[in-house]
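Visitor: In order, the protein sequences belong to chains X and P. Per this note's numbering, residue 189 is the first one in the first sequence, and the count goes up by one each step. Per this note's numbering, residue 7 is the first one in the second sequence, and the count goes up by one each step.
It is possible that part of the hints are untrue.
[Said to hold, decoys possible] Quick list of in silico lysine-lysine cross-link-like pairs, BS3-like style, CA-CA up to 27 Å:
{"id": "1", "chain 1": "X", "residue 1": "Lys199", "chain 2": "P", "residue 2": "Lys251"}
{"id": "2", "chain 1": "X", "residue 1": "Lys306", "chain 2": "X", "residue 2": "Lys243"}
{"id": "3", "chain 1": "P", "residue 1": "Lys629", "chain 2": "X", "residue 2": "Lys333"}
To be clear, the hints were calculated from the coordinates, so they are not data collected in a lab.
Letter by letter, the chains look like this.
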Amino acid sequence: MPRYTFSVNGKTVAVEAPADLPLLWVLRDRLGVTGPKYGCGIDVCKACTSHLDGKAINPCVVPVAEAQGREVTTIEGLAEGDKLHPVQKAWLEQDVAQCGFCQPGQIMAAVALLRETKNPTDAQIDAIQNVCRCGTYFRIREAIKSAAAKM
Amino acid sequence: MGGPAPRSTRHEEGAVDRRRFLTVLVAAPTLTLALGATTASADAGSSVPQPADILDSGDALILAGTPTAHLMLVLEVTESGEVRVELPRAEVGQGITTAVAMLVAEELDLPLRKVRIGLADARPELLLNQLTGGSNSIRSLYDPVRKAAAAARARLVAAAGELWDVPAGRLVTRDGVVVSPDGRRATYGSLTTRAAKLPLSRITARPKPESEHKLVGTATSRVDARAMVTGQMRYALDLDVPGAKPVMVRRPPTINGTVRSVRNEAAVRGMPGVIDLAVVPTGVAVMGETFGQVIDAVEALEVTWNAGTVDALSDAGIRKRLRAAVPPPAVPPLTDHIEAEFDFAFVSHAPLETNCAIADVRKDRAEIWASLKSPIIAQQDVAAALGLPERRVTVHVTQGGGSFGRKLFADAAVEAARISKAMGRPVKLMWSRKDDMRHGRARPASHHKIRVTHTRGKVLTYEHRVAAVETDFRHGVGEFLTATATRLPVAGNMSFAQTVFHLTVKVPYRFGVVTESLNEVPLKMHTASWRSVWSANTRGAEEIIVDELAREMGKDPVAFRREFLKTARQRAVLDKVAKEGNWGRDMPAGCAQGVGFHDEYKSCTACLVEIDARNPSRPRVVKAVIAADVGRPINPRGLEAQLLGGLTDAISTTLRAGLHIDRGLPLEGSYSQFHYARQQDSPTNVRIFIMPANGEPGGAGELGVPAAVGAIANAYARATGTKPRSFPIDFDVDFTPFPR
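Full structure from sequences and hints, please.
Guide: In structure tokens:
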């Protein structure tokens with residue numbers, strides 16, 4: 189079985205896995221990194237949203253081979269120790285989470301958006317496809333705007 | 007809470023702690039219920055009270071739970087000064103652990119961060135007191151939690167009094183410390199061992215007067231939010247149960263189909279990462295090293311299936327049967343009248359966490375981890391499925407990734423237990439999204455016929471006949487609720503579903519002689535209560551009729567509702583949204599306001615929305631103003647969250663989200679097909695107002711949906727000049743269904 193070496197949240201990992209095994213299952217089932225969630229497995233719900241070299245990806249459809257030599261960041265790697273990322277802080281301030289299951293993905297999507305766009309418009313926020321079944325969208329919107337203002 | 011995995015050893019440690027440290031188990035107050043004398047009947051004008059005006063489902067649940075209410079809460083003060091409560095309820099996002107932590111902190115004069123709320127394992131001795139549903143958690147916990155915490159505080163104070171030889175009445179508590187008049191201080195942690203040894207009979211305690219509440223009633227953020235935003239919250243499948251391996255099930259092409267034969271078992275067993283395979287009543291289970299490999303193996307299975315239970319049924323046939331089940335109106339239309347019929351589609355609960363559970367079944371015992379709203383029934387069902395005595399089954403309740411009614415049932419726990427038994431090892435069972443939508447439970451479709459007669463500005467009769475596909479209630483309230491309700495003279499001898507219908511659905515308006523009825527059509531499909539049960543459809547349809555009635559009688563929708571609502575409290579929330587939402591303001595063509603009202607769970611709410619339907623194929627609710635009176639808010643911020651969720655549910659199910667049934671199976675298999683709202687469908691302006699405390703706490707978890715359904719449909723009707731009758735409004739099959 190091929191062996192892949194890449195970084196997860198700043199730590200180098202090496203895993204033996206089939207090349208086409210989705211990264212989500214390498215993270216969850218092999219490495220015990222459970223922040224990214226399964227919600228659909230086909231890049232529709234976006235609950236697993238994480239970053240590959242700083243860009244948003246959905247590891248449920250990214251083969252592990254694509255991570256070779258690159259940097260994977262999940263929700264667990266967003267804060268620096270105890271110091272939360274401004275987007276996480278904004279999520280706490282707006283008390284966004286209800287069941288919380290989609291929120292790691294929502295936060296990673298918001299961080300990726302704010303990297304590209306310092307002050308996203310409502311239309312740009314509308315383009316975030318991550319499903320929140322608890323329906324927290326308005327608080328997510330407010331949290332993104334609040335984080336943008338502080339970053 | 008939520009963070010570390012619940013381990014079986016934790017409870018053994020807890021047992022040791024409980025001998026050493028103060029734990030409190032306090033009798034709950036006896037519930038007194040004044041039958042007949044309600045605010046509604048006092049002010050009801052021409053309408054007699056309906057059953058739900060007298061005794062609602064929450065009252066019935068509390069009554070049914072009364073015999074074990076004194077066992078419900080065990081509160082423990084640790085040596086580090088933390089207070090721990092194992093709550094016999096599910097946390098699925100509704101924020102009950104935060105609200106209970108607030109009540110405990112308030113009563114004990116303890117910082118909120120020092121309160122730890124865990125979720126209790128199934129506790130069969132609680133009988134009916136471990137059910138999370140009916141928007142009833144705060145209603146059923148408010149008194150018992152405060153009493154338990156007040157008793158703990160009294161004992162800690164008594165322990166300090168004994169230590170210092172000072173009368174307890176001269177001691178005060180603040181921030182988790184007992185303080186004497188001369189300034190001596192003892193932390194709760196330092197007092198807990200001494201307090202545990204005090205004779206119980208010496209100490210009496212009463213909860214604080216509500217006028218002294220400092221934390222309860224103030225906007226408070228979720229106690230579990232940090233774990234959620236850092237990815238540390240552990241849901242069932244995030245737990246590391248030793249040896250538990252990923253498992254999924256290949257399911258039949260129609261609902262309740264069964265396996266006849268597996269044609270390529272050897273080939274699938276030989277696929278990379280596959281560990282085991284077993285045929286179970288629900289399909290073919292495959293275990294593998296990773297879920298990614300299991301997904302491939304399940305896809306590769308070639309299975310011959312036996313028929314399911316509704317193979318011949320599609321939407322058209324179901325609608326026909328529902329229409330046939332609605333009796334004709336009883337009141338002849340001799341005066342002015344309006345009539346309308348409504349259809350509502352099946353709706354998936356679609357919690358983001360699909361059905362899932364971990365099961366470790368051994369020869370003589372079993373252990374389950376899952377998010378469960380009725381864990382005692384889960385324990386019974388698992389025991390029955392395995393042929394084990396109930397006491398040999400341990401059920402751990404994990405934090406849930408959404409429910410909306412789905413987790414009333416333990417489908418995944420029972421299935422995981424069967425698979426673990428068949429494979430002889432622990433399993434981590436996950437349903438695919440496709441299976442969760444197609445074979446998971448759903449809100450039943452319903453058909454509604456309404457006739458209202460009126461003359462000279464008065465409504466004479468109001469008749470609403472509902473037919474719905476049968477809702478499954480076998481999650482552990484049945485006999486008790488029915489037994490309670492049938493003692494009411496108004497309810498009579500009804501089926502269980504009809505009892506729940508009459509304990510939840512009521513018309514809040516003075517509409518003369520009111521008749522509402524439910525006829526169920528039994529179909530062997532997977533159904534369950536869906537946030538607000540029948541109220542979203544039944545009351546939603548009624549709010550549409552209220553608008554049409556107002557128009558026919560030449561009245562403004564808000565003014566009409568004001569005139570016919572029964573109580574001042576109801577009118578106040580309506581007035582609040584009308585004022586804050588600037589009701590009646592000019593709107594561009596294709597845009598409109600709409601309003602809706604709902605009263606249930608001893609709470610009431612009004613919702614005003616603005617819709618932009620200038621693109622008629624993709625209308626969007628752009629603004630919402632909501633007001634709610636819940637009697638006594640515990641955490642206004644949590645209440646706002648629940649109302650926001652109810653609004654999003656209403657946007658989804660009114661405009662675009664539903665399931666098409668086609669030859670025995672829903673067509674929808676993911677969120678790209680079941681159109682639950684996304685950010686682009688959500689309003690950019692939402693304002694929510696929680697009315698000040700004026701009584702006892704009412705329920706709120708499901709409260710927001712029906713009023714918002716009415717408001718959105720009414721706004722859509724005005725913006726487009728149509729009369730919406732079938733929901734969701736935009737319900738084309740705009741996708742290629744996944745293979746069966």
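Visitor: List in ascending order the numbers of the hints, as given earlier, that are violated by the structure.
Guide: none
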